[in-house]
Amino acid sequence: MTSEEYVGSVDYKTERADSDVLSYKVSVRNLNSWFGAKQALKDINFDVKENTITSLIGPSGCGKTTLIRCLNRMNEMTASASVKGSVFVDDTDIYDGAVDPVLIKRRIGMVFQKPNPFPTMSIHGNVAAGLKLNGVRDRKLIDEIVVDSLKSAALWDEVKDELDKPGLSLSGGQQQRLCIARALAMQPEVLLMDEPTSALDPIASSKIEELINDLKRDLTIIIVTHNMQQAARVSDYTAFMYLGEMIEYGPTKQIFENPQKDLTERYISGKFG
Amino acid sequence: MNRVFTGATIACIVLAMIPLGSILLEVVKNGISAISFEFLTRPQGSIVTGGGGIGPAIQGTILTVAYASLIGVPVGVLAGIYLSEYAGNSRFAYGVRFFNNVMTGMPSIVIGIVGFITLVATIGYFNITAGAVALSIIMIPIVVGVTEETLKLVPNSVREAGHSLGIPKWKVTMFITLNSAKNGVLTGIVLALSRIAGETAPLIMTILGTSLYFQGLLDPVDALPLRIWRLASQPYDHAHSFGWGAALILIIMVLSLSILLRLLVLEKRFKLGIPEMLKIRRMWK
Numbered sequence: 055m056t057s058e059e060y061v062g063s064v065d066y067k068t069e070r071a072d073s074d075v076l077s078y079k080v081s082v083r084n085l086n087s088w089f090g091a092k093q094a095l096k097d098i099n100f101d102v103k104e105n106t107i108t109s110l111i112g113p114s115g116c117g118k119t120t121l122i123r124c125l126n127r128m129n130e131m132t133a134s135a136s137v138k139g140s141v142f143v144d145d146t147d148i149y150d151g152a153v154d155p156v157l158i159k160r161r162i163g164m165v166f167q168k169p170n171p172f173p174t175m176s177i178h179g180n181v182a183a184g185l186k187l188n189g190v191r192d193r194k195l196i197d198e199i200v201v202d203s204l205k206s207a208a209l210w211d212e213v214k215d216e217l218d219k220p221g222l223s224l225s226g227g228q229q230q231r232l233c234i235a236r237a238l239a240m241q242p243e244v245l246l247m248d249e250p251t252s253a254l255d256p257i258a259s260s261k262i263e264e265l266i267n268d269l270k271r272d273l274t275i276i277i278v279t280h281n282m283q284q285a286a287r288v289s290d291y292t293a294f295m296y297l298g299e300m301i302e303y304g305p306t307k308q309i310f311e312n313p314q315k316d317l318t319e320r321y322i323s324g325k326f327g
Numbered sequence: 002m003n004r005v006f007t008g009a010t011i012a013c014i015v016l017a018m019i020p021l022g023s024i025l026l027e028v029v030k031n032g033i034s035a036i037s038f039e040f041l042t043r044p045q046g047s048i049v050t051g052g053g054g055i056g057p058a059i060q061g062t063i064l065t066v067a068y069a070s071l072i073g074v075p076v077g078v079l080a081g082i083y084l085s086e087y088a089g090n091s092r093f094a095y096g097v098r099f100f101n102n103v104m105t106g107m108p109s110i111v112i113g114i115v116g117f118i119t120l121v122a123t124i125g126y127f128n129i130t131a132g133a134v135a136l137s138i139i140m141i142p143i144v145v146g147v148t149e150e151t152l153k154l155v156p157n158s159v160r161e162a163g164h165s166l167g168i169p170k171w172k173v174t175m176f177i178t179l180n181s182a183k184n185g186v187l188t189g190i191v192l193a194l195s196r197i198a199g200e201t202a203p204l205i206m207t208i209l210g211t212s213l214y215f216q217g218l219l220d221p222v223d224a225l226p227l228r229i230w231r232l233a234s235q236p237y238d239h240a241h242s243f244g245w246g247a248a249l250i251l252i253i254m255v256l257s258l259s260i261l262l263r264l265l266v267l268e269k270r271f272k273l274g275i276p277e278m279l280k281i282r283r284m285w286k
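Chains A and B supply the protein sequences, listed in that same order. Residue numbers for the first sequence follow the numbering used here, beginning at 55 and rising by one. Residue numbers for the second sequence follow the numbering used here, beginning at 2 and rising by one.
In short, the hints are calculated from the structure, not lab data. Virtual Cβ for every residue (Gly too), placed ideally from N, Cα, C. It cannot be assumed that every hint is accurate.
Partner residues aside, some chain A positions facing chain B, computed with beta carbon under 10 Å [stated by the list, open to error]:
| hint | residue |
| --- | --- |
| 1 | Lys103 |
| 2 | Met128 |
| 3 | Ala133 |
| 4 | Thr174 |
| 5 | Leu246 |
Computed footprint of chain A on chain B; a stretch qualifies when at least three of its residues, placed anywhere within it, have a C-beta under 8 Å from a C-beta of chain A [stated by the list, open to error]:
| hint | region |
| --- | --- |
| 6 | 163-174 |
| 7 | 177-185 |
Pulled out of the complex, with its shape left as it was, chain A reads as follows (with noise of 0.2 Å):
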């Protein structure tokens, strides 16, 4: 289904209707994904409302990780993987044929499990790297953008005085802000996050904790964790999602409450996974 066809759908005009006040900023329709012949993700249904953070949580090998690569067209850049089904950002979507699975990372930043810094280059060479690399010439635009993204990812007081410093001399916490910062400076509309605190102490997660909550304001987030305390702490809405398919989704609060489903409640209060 293209955009074109989706925006003219009974769906969309539904859903509109009865969604005046909430609009969403990234809708997931029929999402399927293979590796070789292993079908990891099953048909996968969602929406997230802007300046949200939604958080997919699940045991190992649920899909979640498959699942957020694939809202940036990350996941089929692995060899064998093979993706059908439409991801909606805004009324574009980033399957359409039209739509060019490069820009479209433009909008759709991303953060990784471990931190991952370039590792030849300086902490303004990092922040910088997208600019530069996108043609962006202007040096003094460069240099503010660097500083605002450094200081959205509370990495700014830090490390203003030693700019010119290896990414890598950076402490992990320090790095995995660096390449939020990173991220950021592409001036993303949804900001995607794979386990971003799984390589990190409590200290340096739970910075990260408060900053993916300052980021909310003018982001949409969506986080992959497998720590489901974080999933309650931070998330507005939560989705649960087993053997590729996604179980139960609905406000945080909920799922950790009042869970719908059988499955879901055995999770959350550790009965398995």
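Keeping the supplied structure of chain A fixed, place chain B upon it in accordance with the hints.
Structure of chain B alone, referenced to chain A:
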């Protein structure tokens, strides 16, 4: 048992260092007396009475190696990038890798003959272009192999970070992945340069050697290995002394190339105080 093993490894290291050390010692001992300003700058004098220098050979080696790397470095690096970043595990890539390995072990005289047939016999006389092409054929497989191997060591997460910023693949490859691997790639290039700077066989078949300075891209030039070989085969003591001197110069050139690049590459903050040096450093950054 631990001690025996440690002892054995140390003994082998000593054994490996003996030839290297004694060659260096012998070359310095015999060559140092030949070196003078005249020796470094003048063309060869009379064969019988001696005199003059090895100026054209030094110039020829620098030019031929530079010319060869002008061809070999871009081709080698880009082919290595192809194998690591684009080819995957296709049958074609497998074939290229296999033949690249075969090429690494190809006897250099065979490559000299290829140069002779394609670029000497057709043009009509020995020339530097044929020599540079022959040397680049020796260089390319080394650079391809090292580039591919070092690029594969760059973690995939670094590439993904680049892609996630909406940077086109070619830019991710050139400015992020290759940049992350630049130390290894440059080391490989220096290795290849050192190898071709000392090659003799392909040069006999292509540039021939001359006692004149560089004349043009389609004329013969001299080279240090050729000059050493010529001088060593003459029955005069002054020629032998010149030969040792030329060998010392060649070793110094190759060694200083390695040291220079190591200084530039291995991000150690050597304060050299030489503005040119810093300028080159900035270029690599």
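The hints, checked one at a time:
With its C-beta approaching chain B no nearer than about 23 Å, A:Lys103 sits outside the 10 Å limit, and its interface hint is violated. Evaluation of the A:Met128 hint against chain B yields a held restraint, the C-beta minimum of about 6 Å falling below 10 Å. For A:Ala133, the suggested interface contact is upheld, since its CB lies about 6 Å from the closest CB of chain B, less than 10 Å. Satisfaction of the interface hint for A:Thr174 is found here, the shortest Cβ-Cβ separation to chain B being roughly 5 Å, below the 10 Å cut-off.
Annotation: interface hint on A:Leu246 holds; nearest CB of chain B at approximately 8 Å, less than 10 Å. Taking a C-beta to C-beta cut-off of 8 Å, the region 163-174 of chain B contributes 10 residues in contact with chain A, enough for the three needed, and the coverage statement holds. With 4 residues carrying a beta carbon less than 8 Å from a beta carbon of chain A, the region 177-185 of chain B meets the three-residue requirement, and the given coverage holds.
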